[in-house]
Amino acid sequence: MTLLRNPVAQKRWQRFKQSRRGYISAWLLLVLTTLSFGAELLANHRPLLVSYQGELYFPTFGAQHSGKDFGLDIDYEPNYRELQKQFRDAGEGNWVLMPPIPFGPLENDLIAGDFPPHAPSLTTRHYLGTDTSGRDVLARLIYGFRTAMLFSLVLLVFNYAIGVAIGCMMGYWGGAFDLFFQRIIEIWSNVPFLYVIMIVASIITPGFWTLLFIMAFFGWTAMTWYMRTATYKEVSRDYVMAARALGASGSRIVFRHILPNSVSTLITFVPFSVASGITALTALDYLGFGLPAPTPSWGELLKQGTENMESLWLVGSVVVAMTLILMLVAYVGEAIRDAYDPRKFSFYE
Amino acid sequence: MPTIHENSASMNKRLSQLLLLFVAAFPLWLYAGEDAKLPEQLPANLSWQTNLSDPFFASPEAKRGGRFRSFITTFPLTLRLVGPDSNGSFASYMRANHLGLVGIHPNTLNPIPELATHWAFGDDGHSLYYRLDPDARWSDGKPVTADDYLFALQFMRSKFILAPWYNNHYNTVILDVVKYDDHTIGILGSVAKPRDEMLFEYSISPVPAHFHKLDENWVRDYNWKIAPNTGPYVIDTIRKGKYIEFRRKQDWWGNDKRYFQHRFNPDFLRVKLIRDINIAYQYFRKGELDSFPLLMPRLWHKKAQGRIFEQGYAGKIKFYNSVPRPISGLFLNEDAPLLSDRNVRYAIAHALNIDKVINTVLHGDYERLQTAHEGYGDYSNPDIRAREFDLDKANRLLNDAGWDTRGPDGIRQKDGQRLSIRVTYYSSGHNDRLVILAQEARKAGIELSLQLLDPSAAFKQILENKHQAAWMAWSGGGLSPRYWQFYHSDNAHKPQTNNVTNTDNPEIDAKIDAYRAATDKVSRVKLAHELEQLVFEQGSFIPTFKVPYTREAFWRWLKLPDFHGTRSTDSLFDPLGSTGGLFWIDSDEQQRVDEAKSRNKALDPVMIVNKRWAANDE
Amino acid sequence: MLGYFVRRGLLIIPTFIGITLLVFSITRVVPGGPIERMMTQAQLGGEAGSLHRSEGGGTLSDEQLEELKRYYGFDKPLLSSYASWLKQVLRFDLGLSTRYQDPVWDIIKERFPVSVFYGVTTLVLTYLVCIPLGLLKGMYHGSRFDNLSSAVVFLGYALPSYVIGIALISVFAGYYDWFPLGGFVSDNFEELSPLAKAKDVFHHAALPLIAYLAGSFAVTTLMMKNALMDNLSADYMRTAAAKGLSLGKSVRRHALRNSLIPVATSFGNNISLLIGGSFLIETIFNIDGIGLLGYEAIIERDYPIVMGILVISSLLYLIGNILSDICVAIVDPRIRFGGGSR
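Chains as they are written, first to last, in my numbering: chain A, 1 to 349; chain B, 1 to 618; chain C, 1 to 342.
Calculated from the structure, these hints are not laboratory results.
It is possible that part of the hints are untrue.
[Said to hold, decoys possible] Here are the simulated DSS-like cross-link-like pairs (lysine-lysine), alpha carbons at most 25 Å apart as the crow flies: (1) C:LYS199 - B:LYS286; (2) C:LYS199 - B:LYS225; (3) A:LYS68 - B:LYS393; (4) A:LYS68 - B:LYS225; (5) B:LYS356 - A:LYS85; (6) A:LYS68 - B:LYS443; (7) C:LYS69 - B:LYS159; (8) B:LYS213 - C:LYS199; (9) C:LYS109 - B:LYS242; (10) C:LYS69 - B:LYS240; (11) B:LYS494 - C:LYS69; (12) A:LYS85 - B:LYS443; (13) B:LYS414 - B:LYS466; (14) B:LYS159 - C:LYS76; (15) B:LYS318 - B:LYS63; (16) B:LYS242 - C:LYS199; (17) C:LYS199 - B:LYS240.
[To be verified] Example chain B residues on the side facing chain C (calculated, C-beta under 10 Å, incomplete): (18) THR78; (19) PRO84; (20) THR117; (21) ASN167; (22) TRP224; (23) GLU288; (24) PHE459; (25) LEU463.
Each residue gets a CB set at the ideal place from its N, CA and C atoms; glycine is no exception.
Taking the hints into account, I'd like the entire structure generated from these sequences.
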C-alpha cells in the first residue's frame with residue numbers, strides 16, 4: 001500500500017473526495033456491489049430462517065432441505081412462501097423468515113389466471129414484475145448485476161495484467177520484440193470474435209469462466225497499445241536515461257520507474273473498462289452467445305424486453321438499471337481523472 | 001428468430017412438389033428390380049381416372065384485382081427452384097407457381113387434376129400414366145408437353161444443379177419417365193405402394209426444356225433468371241433487398257379449370273423485406289401490410305391489440321385445421337449412458353411438466369402432442385396418450401432404476417454419478433419453456449442442463465449422435481407416417497441419420513419392414529397403430545406441443561369465403577398454393593375503412609374463430 | 001522516422017497474411033458450414049402443422065458429399081486452398097459468395113454507399129457536437145451546465161443503441177407518422193428529383209442516425225474536455241490571462257488548437273468507419289449495410305463474404321493504425337518510434 005501512503009496519492013485521494021458526484025457514485029457503486037455479493041440474503045426463494053418444532057434451520061446456504069424436514073409429504077424442496085403461510089395459519093409457533101424479495105432468480109412463479117410476464121405488483125411481491133417465464137425481474141437484476149460485475153472485474157484483472165506486461169515489454173525493449181507483438185495484436189484484433197465463441201460453444205457449453213477466458217484472450221490488446229506508448233514516452237525521459245547511466249538493471253527501471261509512472265494513469269481507464277466489460281457481456285447474452293440459460297443475465301432480460309415492448313417493465317427495469325450503473329461508473333471515472341489532473345483554472349477564477 | 005421458425009413450416013405450401021421430395025435410401029431388396037421398365041407402347045387396358053366431382057373450394061363472390069402486400073424476413077438468395085440456397089422462406093412463392101401433375105383436394109384429400117387431366121395405374125403396382133392438359137402453357141406462351149417432363153428427369157438427375165437430394169430421389173425413387181405422345185407420359189416408381197401415395201410420390205413437375213442450358217455454370221447463371229412457370233403469377237419486378245412483386249397472368253390457362261376458379265384474386269403480390277418481426281407489425285398497424293401472422297401467443301394476446309382492432313378496421317381470425325403435425329418433442333439418445341435405461345426414459349417423461357408450460361408461457365394456446373404422428377387421419381393412433389407429469393411415478397421408476405439417493409443439491413445420484421441430462425436446443429425463443437421444465441424436473445431429482453446452440457451446430461451435434469437429449473421438431477407432412485428413418489436399426493448408431501434416438505429394437509424393425517412392404521391401406525393403418533404403440537413403449541421420444549390452428553390479423557378489406565379456409569389450410573392469407581388464393585381484396589370496403597379511419601368512426605369489431613375442422617384432428 | 005513508417009508499411013504484408021490465414025483456418029473449424037447448413041434447413045420443423053413435407057431427409061453418399069465439398073472448396077488441404085484464395089485476392093478477386101452466387105466485391109460495393117453515408121455523417125455530426133460541447137464543458141467545469149450535459153451524454157452512452165432504435169421507430173414511425181418505418185430510401189427513389197432524393201435519404205436517416213449518435217458523444221466529448229483542461233493550466237495560458245485576454249478569447253486564440261490534437265490523433269482509426277455499421281441497428285431500420293452483411297455472413301457461414309469483409313476491414317485497420325502513429329509522432333516529437341532504447 002505504498003501507493004496510498006505516498007503524498008501524491010494522498011493528494012489525489014483528497015481531490016477525488018472533493019469531486020462530490022464522483023465520490024458519492026463510488027460509494028454507491030461499492031455498496032451496490034457489496035450488496036449484490038450477498039444476493040442470496042436479499043432475493044431468494046429459500047428463507048433466511050425457519051423455526052420448526054423449536055429447531056432453527058438456515059436453508060439459505062448448504063444442502064437442500066426436502067419437504068419432509070418440515071412435515072410435508074414431498075421429497076423435493078418445499079415452496080417456502082407457501083410454507084410460511086401454512087405455518088402462520090396453523091399457529092403452532094413455527095415460522096419462516098423470508099428475504100425482502102422472496103424469489104430466487106431461477107424460480108418460476110406463475111400466477112394462476114394470468115400469463116407471464118406478470119406486471120409489477122406489491123401484493124405478489126414482484127416489485128418489478130416477472131419475465132416471460134415468470135421469474136422475478138428484480139431478483140434476476142440483482143443476480144445478473146453480480147455476474148456482470150464479477151465478470152468485468154475479473155476480466156479487467158486479466159486484461160490489465162497481460163496488457164500491461166506485454167505493453168511494457170514492447171515499449172521497453174522495442175525493436176524486433178515490439179514489431180512482433182504489434183503484428184500479433186493486429187492479427188488478434190481482427191479475428192471475428194463470434195466465430196471463436198461458436199467453435200467453443202459447439203464443443204462445451206460456455207460457462208462463466210470459459211467465456212471470461214475467451215474474452216480475456218482477445219481483450220488484452222487494448223491496454224497494450226496504451227502501455228507501449230506510455231513506456232516509450234517514459235523511456236525517452238531524462239530520469240530513465242539517468243537511471244540507466246547509473247547502471248540500474250532493466251527490470252529495476254521497469255518496476256521502479258516506468259510502471260509506477262504509467263500505471264498510475266492506467267487507473268483512469270479502469271471505470272471505462274468496467275463499463276465495457278458489463279456492456280460486452282450484456283451484448284453477448286442479448287445475441288444468445290453468452291452464458292447459458294437459465295443464468296440470470298441483463299442481456300437476456302434486454303432481449304425479452306425488446307421482444308415484448310408491450311410489457312414495458314421488462315425493458316424499463318433493465319435499461320434503467322444499466323443506465324444507472326454505467327452512469328455511476330462514468331462519474332467515478334470522471335472524478336478519478338480530475339483527481340489525477342491537478343491543474344485547475346487558477347488563472348480564471 | 002423463434003418467430004421465423006414457427007412460421008417456416010406454414011410457408012411450405014406447394015403440395016405435390018414437396019411431397020415427392022421426401023427421400024430415403026431404400027434398401028435394395030425393396031427395389032422393383034434392376035430390369036423393371038415401362039412398356040414401349042401405352043398399355044391398352046388402362047382405366048383412366050379423373051376427378052371433377054369433388055366440391056370446389058373457392059367463393060364465387062371473389063373479386064379480381066388489387067395489390068396484396070406481405071413480408072419476408074430474409075431476402076431470397078436465388079430464384080432457382082433447386083440447388084444451393086433455394087430452400088429459403090421465399091421458395092414457397094416460387095414453388096407455388098410451378099404446378100404438379102395432380103394436386104390434393106384440401107378437404108377430401110382426393111387427387112384433383114392440375115397439369116394432368118387424367119391418370120391411370122399400371123398392372124405392376126408401381127407404374128403410373130398421366131394425360132397432360134393440352135391447355136397448359138408456360139408463362140412465355142409455349143405449351144407444356146411431354147418433353148418438358150423428360151427434361152425434368154434429366155435436369156433433376158444432373159450433377160450441375162448441385163442438389164444431391166434431388167439427384168438421389170430421381171434416381172432411386174423415380175426410376176424412369178417415358179413419353180408416349182406429346183400429351184401422355186408414364187412414370188416408373190421404385191416400389192409398389194398404396195395408390196393415393198403413389199400419385200404424389202411418383203410424380204414429377206415439368207421443367208421448361210427450352211429455357212435451361214445445363215452446364216457447370218448453371219447454378220450461377222440461373223441464380224436470378226426468371227424461369228417460365230405454369231402457375232397463376234409471374235415475377236414482375238425485383239428490387240434486391242427491398243421487395244419482389246408478382247403479377248397475375250390475365251389470360252392464365254388455368255383460369256376456368258374447376259379447382260382454380262375464383263382463386264388467386266389479387267392482380268399484384270408485393271413481398272416486402274422486413275427483417276424484424278416487431279417492425280413488421282408496425283407496418284401492419286399502419287396498413288402497409290394487409291395481413292399479419294399471429295401464431296405465437298405473445299403476438300396474438302399482447303401485440304395485436306389496440307385501436308385498429310377495437311374500431312374494427314382490422315380483424316383477427318383463429319382457424320383450426322387438420323394436417324400432419326410436426327414431430328416436436330424431446331428426443332432421448334438411447335446410446336447415451338444414462339438414457340439406455342428404459343425406466344430413466346419413462347421417468348424423464350413423467351417429470352416433464354408440459355401442461356404447466358402450456359398453461360403459463362404458452363397462454364394455454366398450444367396443446368399437448370400425444371404421439372409422434374398426429375393429423376394423419378386413420379393412420380394416427382388415437383388411443384395413445386403421452387406420459388403425463390406425475391412425480392410419484394417418476395420417483396418410483398427412478399428408485400427402481402437404482403437412482404435412489406439424492407445429493408445435497410436435491411439431484412439423484414447413483415455410484416457417484418449425478419442424474420444430469422444435457423438438453424441440446426437451437427431456438428432461444430424456447431428458453432422460457434425449457435427453464436420451467438428444468439425447474440419442475442428438479443422436483444423429481446433430475447437435472448436438465450440446457451445447451452443452446454445455433455441451429456446448424458445443434459443439428460451437427462445431433463446427427464453425429466453426440467447429444468444426450470435433443471429438443472427439436474421434425475417437419476411433418478405426407479399422407480402417412482414414416483417410421484423407417486426414425487426408428488429402424490438400419491439407421492441406429494451411425495451418424496447422419498434421422499434415427500437420433502438410436503432406437504434399435506428387433507420387434508420395431510420387423511413391424512417397420514412389414515409396414516413398408518404393405519400396399520393396402522387397411523393393413524398399413526393397423527401396422528402404423530402397432531408401431532406407434534411400440535414407439536410409445538420404447539419411450540425415447542417425448543412428445544411436447546402442437547398448434548392445431550392458424551391465426552392471423554388482417555385488414556377489413558381482405559375478404560374470405562364464408563367457410564374461411566379448408567381442412568388443410570395452414571395460412572389463411574396465402575395468395576398461392578394448393579389451399580391458397582381463396583381471399584380477395586374488396587376495394588369498396590377499403591374506401592369505407594379509410595373513411596372511417598379518418599373520421600375516427602368505429603366499425604363492428606371482427607373476431608372469427610372457426611372450429612369446423614377442429615374435431616377431425618384427433 | 002521516415003524509415004520507420006516505410007517499414008511499418010511493409011509490415012502490413014505479413015500481418016495481413018497472418019490475419020487472413022488465421023481466420024481462414026477458423027472457418028474450416030467452425031461447425032455448421034454450408035453443407036451442414038443445407039442439411040439443417042431441410043430437416044428442422046416448426047410448430048405449425050401442414051400437409052406438405054419439406055425437402056430433405058435421408059443421407060448423402062460419400063461421393064455426393066465430396067461433390068458438395070468440391071463446390072464449396074473444402075476438398076483441398078488448408079494451406080493450398082488458402083494459397084489459391086490469396087492468389088485470387090491479389091488479382092482483386094474476392095471470389096463468389098456461397099449464398100448470393102454473386103461476386104463478393106459486387107455485394108460489398110453495393111452496400112458501400114449506405115455504410116459510408118452513415119459512417120461519415122455520424123463522424124461529422126459527432127465532431128460537430130462534441131468539439132464545441134467539450135470546449136464549453138472544459139471552460140465551465142463544475143458548472144450546472146457541465147453536470148447536466150454530463151448526465152445527458154452518459155445517459156446516451158449507457159443506453160444500448162438497439163433499445164434506442166426500437167423505441168424511436170415505435171414512437172416516431174409507428175405511433176406518430178413522422179418518419180418512415182426503416183429502409184435507406186423510398187421504393188420510388190429512382191423517380192425522384194435530386195432535391196427530393198436528398199430529402200428522402202435524410203428523412204429515412206434521421207432515426208437511425210440518432211440511434212447511432214446517442215452512444216458516440218460520450219468518449220469524444222470527454223476527450224475534448226480533458227484536453228482543453230490540460231491546456232487551460234499550461235503556462236502560455238497564464239501569460240494570456242496576464243495579458244488580460246478574456247477566457248473565451250484566450251481559448252479561441254491559444255488553447256483550442258492544442259486541445260484538438262488528441263482528438264485528431266484518434267482520427268486515423270476512423271477510416272474503418274467506411275465499412276462499419278451496427279447490424280442490430282441495420283436490422284431494426286431495415287438498412288442493407290455492411291454491418292448486417294457481415295453478421296449474416298458469419299451466422300450463415302458465407303465464408304467468401306466473411307473473408308472479403310475481413311480483407312477490407314483489416315487493411316483499413318492496419319492503415320488506420322499507421323495513420324494514428326503518424327499523428328502521434330507529429331504531435332509529440334519526444335516519442336521515438338521503433339528506435340528502441342538500447
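Pair hint outcome, LYS242 of chain B versus LYS199 of chain C [Cα-Cα no greater than 25 Å]
With a Cα-Cα distance of about 19 Å, the restraint between LYS242 of chain B and LYS199 of chain C holds, given a limit of 25 Å.
Hint check: is the beta carbon of GLU288 of chain B less than 10 Å from a beta carbon of chain C?
holds, 7 Å
Given pair status - LYS443 of chain B, LYS68 of chain A, alpha carbons within 25 Å
Between LYS68 of chain A and LYS443 of chain B the Cα gap is close to 13 Å, so the pair holds against 25 Å.
Given the hint that LYS68 of chain A pairs with LYS393 of chain B, does the C-alpha gap stay at or below 25 Å?
holds, 18 Å
Below or equal to 25 Å on CA atoms is what counts here, so check LYS213 of chain B against LYS199 of chain C.
violated, 46 Å
Does LYS199 of chain C pair with LYS225 of chain B here, judged by a C-alpha cut-off of 25 Å?
violated, 34 Å
Interface hint status, LEU463 of chain B versus chain C (Cβ within 10 Å)
holds, 7 Å
LYS414 of chain B and LYS466 of chain B: Cα distance at most 25 Å?
holds, 22 Å
Please verify whether LYS68 of chain A and LYS225 of chain B have alpha carbons no more than 25 Å apart.
violated, 72 Å
Taking only the CA atoms, is the gap from LYS109 of chain C to LYS242 of chain B under or equal to 25 Å?
Answer holds: LYS109 of chain C to LYS242 of chain B is near 17 Å, not above 25 Å.
Verify the proposed pairing of LYS69 of chain C with LYS240 of chain B, using a straight-line Cα cut of 25 Å.
Judged against 25 Å, a Cα distance of about 29 Å means the pair is violated.
Should the hint that PHE459 of chain B touches chain C count as held when the rule is a Cβ pair under 10 Å?
Status holds, d = 4 Å.
Hints 2, 4, 8, 10 and 20, counting from the list given before, are not met by this structure.
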